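Residue numbers (my numbering), protein chains in the order written: chain W, 1172 to 1576; chain P, 104 to 430; chain C, 5 to 299.
Don't read these hints as lab results, they were simulated from the structure. None of the values given here were measured: they were computed from a predicted structure. Built from N, CA and C at the ideal position, the CB exists for glycine as well. Hints are supplied without guarantee of correctness; some may be wrong.
Derived DSS-like pairs (lysine-lysine); straight-line CA-CA distance at most 25 angstroms [to be verified]: (1) W:LYS1245 to W:LYS1516; (2) P:LYS411 to C:LYS122; (3) W:LYS1350 to W:LYS1565; (4) C:LYS172 to C:LYS241; (5) C:LYS39 to C:LYS95; (6) C:LYS241 to C:LYS175; (7) P:LYS316 to P:LYS215; (8) W:LYS1350 to W:LYS1558; (9) W:LYS1366 to W:LYS1376; (10) P:LYS215 to C:LYS95; (11) W:LYS1376 to W:LYS1350; (12) P:LYS215 to C:LYS175; (13) C:LYS39 to C:LYS172; (14) C:LYS39 to C:LYS241; (15) C:LYS122 to W:LYS1445; (16) P:LYS215 to C:LYS39; (17) C:LYS192 to C:LYS172; (18) P:LYS215 to C:LYS172.
Negatives, chain P to chain C, calculated, CB over 12 angstroms [to be verified]: (19) PHE121; (20) VAL123; (21) PRO189; (22) ASN217; (23) LEU219; (24) LEU237; (25) PHE264; (26) ALA295; (27) ASN309; (28) LEU383; (29) PHE419; (30) TYR423.
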Amino acid sequence: MRNYFKYAVVLFLVVSLLALGGIGCSTKEEGGATPTPAATPYKVGALFASSGFNSTLGQTQKPTVEMLVDQINKAGGINGHPLEVIIYDTKSDTATATTLANKLIEDGVVAIIGPTSTGESMAVKTITAQAGVPLVSCAAGSVIVEPAGNNTWTFTTPQLDYVAIDRIYTYLQEGNITKIALLTDTAGFGAAGRKWLVNQTMLSKYGLSIVPDGDQTYGTSDVDMQAQLTKINGTEAQAIVCWGTNPGPAIVARNMRTLGMTIPLFCSHGIAFKSFIDTAGTAANGVIFCAGKLPIVDQLPTTDPQKALLEKYKTDFDAWYGSGIANTFGGHAYDSLMMVVDALKAVGPDKAKIRDYIENDIVNWPGTGGVFNMSPQDHNGLPRDPKQAMILVKIVNGQWTWLQD
Amino acid sequence: MLARLRSNWSYLAIAALFVVLILAPFNWFLGQYTTLLIFIGIYTIVTVGLCLLMGYTGQVSLGQAAFFGMGAYISAILTTTYSFNPWLAMLIAAVITGLFAYIVGYPIFRLKGNYLAMATLGLGLIMWILFKQLNQVFGEPDGISGIPYLSIGGFVFNSSFRRYFLVWAFCLVVLLISQNIVRSRTGRALRAIHGSEEASESIGINVNQVKVKILVLSAVYASLAGSLFAHHLRYIGAQPFDFLASVKLVVMAVIGGLASIWGAIFGAGATHVLSDEVLLRFGDWDVVVYGLILVIVMIFMPEGLFVKLKELFERFRLRYRQRGVEH
Amino acid sequence: MSSAQFVQYLISGITLGSVYALVGLGFTIIYAVTKIINFAQGEFVMLGGLLSFTLIHRAGLPFVPALILAILIAAAVGAAMYLLAIRPSRKASVVSLIIITIGAAIFIRGIAGQELTKDFVRLPSFSGEESISFLGAHIDPQALWIIGTMVVVTIILHLFLNYTMVGKALKACAINPVASSLVGINPKTMALVAFTLASALGSIGGVVLAPLTPLNYQAGIMLGLKGFVAAAIGGFKSPVAAVFGGLLLGIIESFVVAANWGPFTSAYKDAIALVVLLFILLVRSGRLAEEERAG
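Hey, can you work out the whole structure from these sequences and the hints?
Written as structure tokens, this is what we have:
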């Protein structure tokens, strides 16, 4: 009986060898390359969470890259070489991300941009570092690039996680608020934020304290937060800080309206999406959140160094993908890719040189997230001063309004 | 004649299998799939345990990812925060996970069929929630990073190439041990229990004890696989240990044919090749195709793809026979 | 805790619990008649919400007809799932059937994401958004719709099962499939009815939930799980038990948050529900084992 086992194992192996051999050639999704016969393409890899629980953040990243590649190649490529970006979907899964990272390295890419989330980035960075491939992540976890000395091959373009909290807490302090309550998502984005929100050093810095029973959480798929809010309603909290991505904060906003709660609600850039306003309806009005400048680009003064770039991104993306969808997370992909592109322009397809370029020559570099100044000690490059790094947006009459303070 | 033909073929098959496994990670052969093969090896170890539990003993576990996760997390925590020797950590993880399975096993196995499935599902989910929530212990939300490589003396398993052999060495040892169990008295006891628990009791088999033992064994396997997983990825988050992960493990076991030890390689392999290579070509539709394939395979090949292939192979052999070809 | 707060917790628990109950009813009906746990049950809630939204916004249908059509379509999907995926599996094992329903769930979820929408959708509230005051607590009017629908559905179901031919046949099949086939009740037809009915119930849940909280194509996973726990608490036997299970689950979740005792913070409310489930399973394990053998 058992002899046949071995048969079929062999059969399987033969079949899978054939399958792998045959399939292995064409599983890549290419990012709009228009190769010219003479010049060899410059290959860059990209890992985004286009599906899975991080897909809200990752959704606009792939189309942003595809759009940029199209623009670049139509304009003649990089020094005549077409740009080829191989984009894989990590499905928000860390193990998949590492497998795909390895694949990209085998595919011969000179740099990798992404992944979308901190977890995936943490898993991928050891692989890319070991292979000597620069990684320009689109995730906000400070652990990804700090300390820079331990992360020589890793960079990241979003404002770091604690900066967002700094921004909100600065505003609270200036508003003479001392007692707050938290309502955070137990997963990913929200949980990462909570880590900093409850950090004692952070709280003391701004003279804040979390009221007893004020540290509440909700599950990503929860449909109702009234119980948690009722709890908070019975405390002395003067404001609620909610960290998470849609639909959680939208539900929180609506529940607060239902319960007749009047204290202000502050959120993270996780709600910098039109869908927040759509799903929260009138309850969205009055909510204040921190973000990069993209949501209120039309309200920026013409002297702002990022305004032209942001407007172009927005217009181009509206035309490419659909109106009103461009968001700051797609912007991080923009920044990551363009840094690599600039490096390629300057030093060509050399992994170590690209790394060096990004570390040393990305100075006073305007991107969608801000003006970057990378250095050997700082692999993020954005200001740590919260007021310089992020702005505040208030939703008024269903529109994003720049809250200047 | 028949016997000699059979054994010739089987030696050939084993030899071929080993040759392929040994040559696989070289760049001129299957080198670019080394990482994929490492994952297949790791998951095969878990799958074998499930095969023993579900196929031979006839129980159900929809929460196996919990054991996998425990192995991974315990290894990760001990080697990072407490700087334990990774091998020692792996051993401790296996012991703790096994103990946990032992404690949980007796009450759980009073349930049968659908209710057992529910209970294991519940347990798996509870563990997953704990992994996500107990930040002080399990390091979420950023997970646990900086997990060191495994090493023997000065030889560090710091490349995919080296880890491939490590993982497959473990895997083959596990397979051979399980093969032995199946052919031993315990194996016969397992099959007896699958056939009829009351009958087994009546001939003196302590059914509950055997069931729990196999659960513990499968948990230990899963834990070892989890540790290998941690030392390979060097970063652990809660995501690979959710309900869908447990489902995937069951699928691997079923596709490989529940009552087949070597089929576990096939099950783990086919599932991974499917999701990592084949489904990629469908872009956004990959999930839809995956669901469809699951349904179709389960309807038409409930004993597993592997077993079906064996059957087909058998039929060809017999037909070949019947044409009167002589050796 | 003040009395107003108590009422608030109770109401939000009952609201959530009603949704869980509707999903749980579906699980119970299918399990009672066919002994299958349908892991795709949660997806029908999702379909109810997403289909309604799509019919209103893409097909331009008026509100009420869109809702009704959405429920009918979902019911049809349920029937199709039974005919195409379950019936052909004949005497498949417990494990195979579980995997089949999971595969079907993944399939339905994927198609919904691709064909309907990947965004979160919300329907307009049935009767406005002004919250209603009740014993010091505030209630969103949609919550009343949810609870009310659940009550009405349960009553109708009860009448159906006990006073109509089809309903009684269904009940008979649940109690004793062998005997019922002997008196001419076709178990396959009953299974079809069960699946169709369960999907309809799930989608009704989705339709009343969508105005209260945004749903997307992945909403079915968690709701399915909770509905499953609700049905399990109810013992998978009678609709009333499932409703009781759902309400109990919702209330427990709400009060776990309220208590906020030591380690049992709101983050663990899901785990608490599962622990309750395990506890009930283990406590009744003796009787359940006998039922498995007999059924």
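Evaluated hints:
Simply put, LYS1245 of chain W and LYS1516 of chain W have alpha-carbon atoms about 16 angstroms apart, close enough for the 25 angstroms limit, and the pair holds. Our distance criterion of 25 angstroms between C-alpha atoms is broken by LYS411 of chain P and LYS122 of chain C, whose separation comes to about 38 angstroms. At most 25 angstroms may separate the alpha-carbon atoms for a hinted pair to count; LYS1350 of chain W and LYS1565 of chain W meet this at roughly 21 angstroms. A hinted pair counts as satisfied when its Cα atoms are at most 25 angstroms apart, and LYS172 of chain C with LYS241 of chain C qualifies at roughly 15 angstroms.
Proximity of LYS39 of chain C to LYS95 of chain C is assessed by CA-CA distance (about 12 angstroms); at most 25 angstroms being required, the pair is judged to hold. For the given pair, LYS241 of chain C sits about 10 angstroms from LYS175 of chain C by alpha-carbon distance, which is consistent with the 25 angstroms threshold. For the given pair, LYS316 of chain P sits about 17 angstroms from LYS215 of chain P by alpha-carbon distance, which is consistent with the 25 angstroms threshold. The suggested pairing of LYS1350 of chain W with LYS1558 of chain W holds, with an alpha-carbon distance near 22 angstroms, which does not exceed 25 angstroms.
Restraint check for LYS1366 of chain W and LYS1376 of chain W: satisfied, since their Cα atoms lie roughly 15 angstroms apart, inside the 25 angstroms limit. Taking the CA atoms of LYS215 of chain P and LYS95 of chain C, the gap is near 18 angstroms; set against the 25 angstroms cutoff, the hint holds. Straight-line distance between C-alpha atoms of LYS1376 of chain W and LYS1350 of chain W comes to about 14 angstroms, which keeps the hinted pair within the 25 angstroms bound. Proximity of LYS215 of chain P to LYS175 of chain C is assessed by CA-CA distance (about 24 angstroms); at most 25 angstroms being required, the pair is judged to hold.
A hinted pair counts as satisfied when its Cα atoms are at most 25 angstroms apart, and LYS39 of chain C with LYS172 of chain C qualifies at roughly 18 angstroms. As the CA atoms of LYS39 of chain C and LYS241 of chain C are separated by approximately 11 angstroms, the hinted pair is consistent with the 25 angstroms bound. The straight-line distance between the Cα atoms of LYS122 of chain C and LYS1445 of chain W is roughly 14 angstroms, inside the 25 angstroms bound, and the hint therefore holds. Of the supplied pair hints, the one linking LYS215 of chain P and LYS39 of chain C holds, its CA atoms being roughly 13 angstroms apart against a limit of 25 angstroms.
Among the hinted pairs, LYS192 of chain C with LYS172 of chain C is consistent with the structure: their alpha-carbon atoms are about 15 angstroms apart, no more than 25 angstroms. Under the criterion of a C-alpha separation no larger than 25 angstroms, the hint pairing LYS215 of chain P with LYS172 of chain C is inconsistent with the structure, at around 29 angstroms. For PHE121 of chain P, the requirement that its beta carbon stay farther than 12 angstroms from each beta carbon of chain C is met, with the minimum near 31 angstroms. Residue-level check passed: VAL123 of chain P sits 29 angstroms from the nearest beta carbon of chain C, beyond 12 angstroms.
With a cut of 12 angstroms on Cβ distances, PRO189 of chain P stays outside the contact zone with chain C, its closest approach being about 30 angstroms. A beta-carbon of chain C is positioned within 12 angstroms of the beta-carbon of ASN217 of chain P; the least distance is around 6 angstroms. With a least CB separation of 9 angstroms from chain C, LEU219 of chain P falls inside the 12 angstroms interface cut-off, contrary to its annotation. At roughly 9 angstroms, the least C-beta separation between LEU237 of chain P and chain C is not larger than 12 angstroms, which violates its mark as non-interface.
Against chain C, the non-interface label of PHE264 of chain P holds: every CB pair exceeds 12 angstroms, the least being about 35 angstroms. For ALA295 of chain P, the condition that its CB be more than 12 angstroms from all CB atoms of chain C holds, with the nearest at approximately 17 angstroms. Distance check for ASN309 of chain P against chain C: the nearest CB is about 17 angstroms away, which clears 12 angstroms, and the non-interface claim stands. Its beta-carbon lying about 15 angstroms from the closest one in chain C, LEU383 of chain P satisfies the requirement of being farther than 12 angstroms from that chain.
With a cut of 12 angstroms on Cβ distances, PHE419 of chain P stays outside the contact zone with chain C, its closest approach being about 26 angstroms. Non-interface status of TYR423 of chain P relative to chain C is upheld: no Cβ of that chain comes within 12 angstroms, the nearest being about 31 angstroms off.
Going down the numbered hints, you'll see the structure goes against 2, 18, 22, 23, 24, while the others check out.
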